[in-house]
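Student: Sequence:
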Amino acid sequence: MPRKKIEIVEKLFEKQLVILKQSEKSFQGKIYLGKKNNCPIYKYKSIKSQNYNNVKDELTKWYFEIKYLSTVGRVETKYPTKRNIRQLIEKHLANHKFLNDRARRNEISLSKNILDFIHHAKIKDLTKKNLFDLKQYLKDKSFTNNTIRHHFMLLRRMYRDLLEQDVFQKDDVPDFPSLSKNASEISFITFDEYKHLLEVSEKRMNEQKLARSVELARKSLHLYIQFMIGSGLRRQEADKLNFENIQIDYDKSDKSYCLIINVQKSKTGPRNVVTKPSSYYAFLKLKQLYSQYSDLVQQFPNCKLFPRDFIKSSKELFKAAKIETDKDGYKRNLTTLRKTYICWGLINGEEIFDISINCGNSPEIIKTNYADKLQSISIKHRLRKINNNQK
Numbered sequence: 215m216p217r218k219k220i221e222i223v224e225k226l227f228e229k230q231l232v233i234l235k236q237s238e239k240s241f242q243g244k245i246y247l248g249k250k251n252n253c254p255i256y257k258y259k260s261i262k263s264q265n266y267n268n269v270k271d272e273l274t275k276w277y278f279e280i281k282y283l284s285t286v287g288r289v290e291t292k293y294p295t296k297r298n299i300r301q302l303i304e305k306h307l308a309n310h311k312f313l314n315d316r317a318r319r320n321e322i323s324l325s326k327n328i329l330d331f332i333h334h335a336k337i338k339d340l341t342k343k344n345l346f347d348l349k350q351y352l353k354d355k356s357f358t359n360n361t362i363r364h365h366f367m368l369l370r371r372m373y374r375d376l377l378e379q380d381v382f383q384k385d386d387v388p389d390f391p392s393l394s395k396n397a398s399e400i401s402f403i404t405f406d407e408y409k410h411l412l413e414v415s416e417k418r419m420n421e422q423k424l425a426r427s428v429e430l431a432r433k434s435l436h437l438y439i440q441f442m443i444g445s446g447l448r449r450q451e452a453d454k455l456n457f458e459n460i461q462i463d464y465d466k467s468d469k470s471y472c473l474i475i476n477v478q479k480s481k482t483g484p485r486n487v488v489t490k491p492s493s494y495y496a497f498l499k500l501k502q503l504y505s506q507y508s509d510l511v512q513q514f515p516n517c518k519l520f521p522r523d524f525i526k527s528s529k530e531l532f533k534a535a536k537i538e539t540d541k542d543g544y545k546r547n548l549t550t551l552r553k554t555y556i557c558w559g560l561i562n563g564e565e566i567f568d569i570s571i572n573c574g575n576s577p578e579i580i581k582t583n584y585a586d587k588l589q590s591i592s593i594k595h596r597l598r599k600i601n602n603n604q605k
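Going by the working numbering, the first residue of the sequence shown is number 215, and it counts up by one from there.
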């Protein structure tokens, strides 16, 4: 039998005390104590009783007691002894000593995905099975193995804090699933594959008897691919992009156009991105497309450049074009478009420093994760050709 949903019974003292009904015989009080490291802090107390008036009186007394202790700096700030994983993560974000604000922002961004999984799976504690399910959940969201590893590193840091504070014992920490060690392997789309991908995409979006909503989705994806290949944005950055963040720039010397994208929401901080011409032409066609399908576009936030989620539809397109994996068997997804932008830039002789500024990475990351591996891949493919010719 499914558990009954917790209901809010009453909010008191300007919503600082919230009384929740957990079951027919129990209530819970929740007190807001402000923020620490930009994370909300709460205090909880459960009471078993069927008499709501008695519960309200007791929680009111508890509220004034906590507020007094908070004023004199004597509120207990340890992790909750109850193993509610949501509360553990919130306490970790509030109390962990981060090296800098950027590290804290990254941790908050990762924690949101884990909390979404917890809400989706309706769990209160993490077990070996739950962690395996979390790994699959993040994979289904098209996160790379490297990004999935960062999510699990967050949880490891949280449990390490708990062990250091003697709140948990080693036996209380669940076993973590193994993560692939080839997380940073490079897989990009060649120009011939890209040309083929667009040809297949064009055929799919011009198929007969498609619903207009499907037409819009496929045509949007077609332009999304061109836009991303020419900009090198992260998928999450493109998802948060608004029309007002984009300016058209014209170069009189070579009579070419590009876009200047003001990226505000990024895990590496705000930056301006200068795109290739393909992004500019995709942007113009996208505005025309939205005008043509204005009745459907109105269902989405008007300010969003890409209001749709292309995770599932891109998998279908990559599979239809038979490029869902590369020659070495590595999977391709929307993140591959960013990798392709970087690799094409390196192949064409662009400066690593310029690519790193545009992509919001350090030159060392571009060199280690892309330039060095791209060189080894080129050598490997040349050796394969030599070996094949000698057979």
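Be a bit skeptical, because a hint or two may be false.
Stated by the list, open to error - Here are the simulated lysine-lysine pairs, DSSO-like style, with alpha carbons at most 30 Å apart:
no., residue 1, residue 2
1, Lys481, Lys311
2, Lys454, Lys409
3, Lys553, Lys433
4, Lys479, Lys581
5, Lys417, Lys501
6, Lys229, Lys353
7, Lys481, Lys466
8, Lys259, Lys244
9, Lys499, Lys536
10, Lys229, Lys249
Since the hints were made in silico from the structure, they are not lab data.
Student: Each hint needs a verdict: does it hold in this structure or not?
Tutor: Structure-based check of all given hints:
For the hint pairing Lys481 with Lys311, the CA-to-CA distance comes to about 19 Å; that is within 30 Å, so the pair holds. Straight-line distance between C-alpha atoms of Lys454 and Lys409 comes to about 27 Å, which keeps the hinted pair within the 30 Å bound. Of the supplied pair hints, the one linking Lys553 and Lys433 holds, its CA atoms being roughly 23 Å apart against a limit of 30 Å. Our distance criterion of 30 Å between C-alpha atoms is met by Lys479 and Lys581, whose separation comes to about 25 Å.
Only pairs whose Cα atoms come within 30 Å are accepted, and Lys417 paired with Lys501 is accepted, the gap being roughly 21 Å. Restraint check for Lys229 and Lys353: not satisfied, since their Cα atoms lie roughly 38 Å apart, outside the 30 Å limit. Under the criterion of a C-alpha separation no larger than 30 Å, the hint pairing Lys481 with Lys466 is inconsistent with the structure, at around 34 Å. For the hint linking Lys259 to Lys244, the alpha-carbon distance of about 7 Å falls within 30 Å, and the restraint holds.
A distance of roughly 26 Å separates the Cα atoms of Lys499 and Lys536; the hinted pair therefore holds under the 30 Å criterion. Of the pairs offered as hints, the one joining Lys229 and Lys249 holds, with about 15 Å between alpha carbons and a cut-off of 30 Å not exceeded.
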